[in-house]
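*Asks:* Got chain E sorted already, so can you dock chain A onto it with the hints?
These protein sequences, in sequence, are chains E and A. Position 15, counted from 1, in the first sequence is what the numbering used here calls 15; the numbers after and before it change by one each time, with no gaps. Position 37, counted from 1, in the second sequence is what the numbering used here calls 37; the numbers after and before it change by one each time, with no gaps.
Among the clues, some could well be false.
[Said to hold, decoys possible] Anything over 12 Å on all C-beta distances counts as not near chain E; from chain A, calculated:
#, residue
1, Thr20
2, Leu21
3, Ser22
4, Pro61
5, Glu75
6, Glu82
7, Leu83
[What the hints assert, rightly or not] In silico SDA-like links for lysine to any residue, alpha-carbon gap of 25 Å or less:
#, chain 1, residue 1, chain 2, residue 2
8, A, Lys57, E, Asn98
9, A, Lys57, E, Ser30
10, E, Lys78, A, Glu102
11, E, Lys70, A, Gly101
12, A, Lys57, E, Ile46
13, E, Lys73, A, Gln41
14, E, Lys55, A, Gly101
15, E, Lys55, A, Phe104
16, A, Lys57, E, Glu29
17, E, Lys70, E, Phe105
18, A, Lys57, E, Arg43
19, A, Lys57, E, Gln2
For the record, the hints were derived by calculation from the structure and aren't laboratory data. C-beta atoms are modelled at their ideal positions from N, C-alpha and C, and glycine is treated no differently.
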Amino acid sequence: AQTVTQSQPEMSVQEAETVTLSCTYDTSESDYYLFWYKQPPSRQMILVIRQEAYKQQNATENRFSVNFQKAAKSFSLKISDSQLGDAAMYFCAYRSLNTGNQFYFGTGTSLTVIP
Amino acid sequence: KAGVTQTPRYLIKTRGQQVTLSCSPISGHRSVSWYQQTPGQGLQFLFEYFSETQRNKGNFPGRFSGRQFSNSRSEMNVSTLELGDSALYLCASSLNWGSSGEAFFGQGTRLTVV
Numbered sequence: 001a002q003t004v005t006q007s008q009p010e011m012s013v014q015e016a017e018t019v020t021l022s023c024t025y026d027t028s029e030s031d032y033y034l035f036w037y038k039q040p041p042s043r044q045m046i047l048v049i050r051q052e053a054y055k056q057q058n059a060t061e062n063r064f065s066v067n068f069q070k071a072a073k074s075f076s077l078k079i080s081d082s083q084l085g086d087a088a089m090y091f092c093a094y095r096s097l098n099t100g101n102q103f104y105f106g107t108g109t110s111l112t113v114i115p
Numbered sequence: 001k002a003g004v005t006q007t008p009r010y011l012i013k014t015r016g017q018q019v020t021l022s023c024s025p026i027s028g029h030r031s032v033s034w035y036q037q038t039p040g041q042g043l044q045f046l047f048e049y050f051s052e053t054q055r056n057k058g059n060f061p062g063r064f065s066g067r068q069f070s071n072s073r074s075e076m077n078v079s080t081l082e083l084g085d086s087a088l089y090l091c092a093s094s095l096n097w098g099s100s101g102e103a104f105f106g107q108g109t110r111l112t113v114v
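The shape of chain A in the complex, shown without the other chains:
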């Protein structure tokens, strides 16, 4: 069974640009969550999607957005990039919303904003 796949693995962007990251969850999993990991702020929850609907949202500006497709794949978009957006972005896959199981994480996308 394939794990959680995040693409691309590395990304370098310029301030002011926008970026789209992709996450394919484990087959059969319907919930996808996104986290930002930085040395200063640690792991912070961005949002969760389930059945193509955003169910939870963390405390991030509106420049951070996401969506989920009918096959459960998810994308997150960051517009008007800032230097502070440089981070490791992790995607987590869960069977259902609020399920008792754990979340399975991808290897992340390392975004560098220059």
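One chain only, chain E, in its complex shape:
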């Protein structure tokens, strides 16, 4: 089974600064999807960014970007110009092309934004 590892249980960042959250995964598949989801105190999981493994170009969504290193099986999330509303639990997730919509989640990183 695929495993996703987030080695940073907690991170903090000053407002307007940049922070990078780490994620590594283990798989024998060559094609798959990777995601970063955000879970604020409201508990609803919100998609931050998505990356298809066959694409070499790193995904970007406004202030959020990823550094996808397929060979190293690494998928980090960079948040630029951090805002107070970015404070949340961030989950890295893997989805195979062969098992429907089953996600494998990491254990999460709790991000605090300091005013």
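*Replies:* This is chain A only, laid out in the frame that chain E set:
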């Protein structure tokens, strides 16, 4: 467009009882997946339903079951509740089985077993 709706939001049950949770996916979405979230185990996949059929199942005991109706709404049932079943149960809605899109999550049902 309405999001994923889970009911109820909170639930308190006694050990040994059974419980049914409901999930209405986004209109037009045909796949519904269920996850259990606990502080100790994190987010774990329970099962996925598509076109009223269970397509995938996680590593949970048979006390956990589900079903999907023709309108894509899904229910999950937990029988003979144990204290360890206390968790946030999240439902995720996707357009199709194995689609390239992301999953959209509901706000969850917080189940407390006493």
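*Asks:* Now, for every hint given, state plainly whether the structure supports it.
*Replies:* Going through the hints against the structure:
Non-interface call for A:Thr20 relative to chain E: holds, since the shortest CB-CB distance, roughly 20 Å, exceeds 12 Å. The claim that A:Leu21 lies off the interface holds: its Cβ sits roughly 14 Å from the closest Cβ of chain E, which is beyond the 12 Å cut-off. Every C-beta of chain E lies more than 12 Å from that of A:Ser22, the closest at about 16 Å, which supports listing it as non-interface. Against the 12 Å criterion, A:Pro61 stays outside the reach of chain E, whose nearest CB is about 18 Å from its own CB.
Look at A:Glu75: its CB is around 18 Å from the nearest CB on chain E, clear of 12 Å, so calling it non-interface holds up. For A:Glu82, the shortest C-beta to C-beta distance to chain E comes to about 22 Å, beyond the 12 Å cut-off, and the non-interface label holds. With a cut of 12 Å on Cβ distances, A:Leu83 stays outside the contact zone with chain E, its closest approach being about 21 Å. Taking the CA atoms of A:Lys57 and E:Asn98, the gap is about 13 Å. The hint holds against a cut of 25 Å.
The straight-line distance between the Cα atoms of A:Lys57 and E:Ser30 is roughly 23 Å, inside the 25 Å bound, and the hint therefore holds. Between E:Lys78 and A:Glu102, the direct Cα distance comes to roughly 20 Å. Compliance with the 25 Å bound is thereby established for this hinted pair. About 20 Å separates the Cα atoms of E:Lys70 and A:Gly101, which keeps this hinted pair within 25 Å; it holds. For the proposed pair A:Lys57 and E:Ile46, the alpha carbon gap of about 23 Å is at most 25 Å, so the pair holds.
The straight-line distance between the Cα atoms of E:Lys73 and A:Gln41 is roughly 23 Å, inside the 25 Å bound, and the hint therefore holds. Restraint check: the Cα-Cα separation between E:Lys55 and A:Gly101 comes to about 15 Å, which is no more than 25 Å; the hinted pair holds. Taking the CA atoms of E:Lys55 and A:Phe104, the gap is near 23 Å; set against the 25 Å cutoff, the hint holds. Restraint check for A:Lys57 and E:Glu29: satisfied, since their Cα atoms lie roughly 20 Å apart, inside the 25 Å limit.
A C-alpha spacing of about 18 Å is found between E:Lys70 and E:Phe105, which places the hinted pair at or below 25 Å, so the restraint holds. Of the pairs offered as hints, the one joining A:Lys57 and E:Arg43 holds, with about 23 Å between alpha carbons and a cut-off of 25 Å not exceeded. For the proposed pair A:Lys57 and E:Gln2, the alpha carbon gap of about 15 Å is at most 25 Å, so the pair holds.
The structure is consistent with each of the numbered hints, conforming to all of them.
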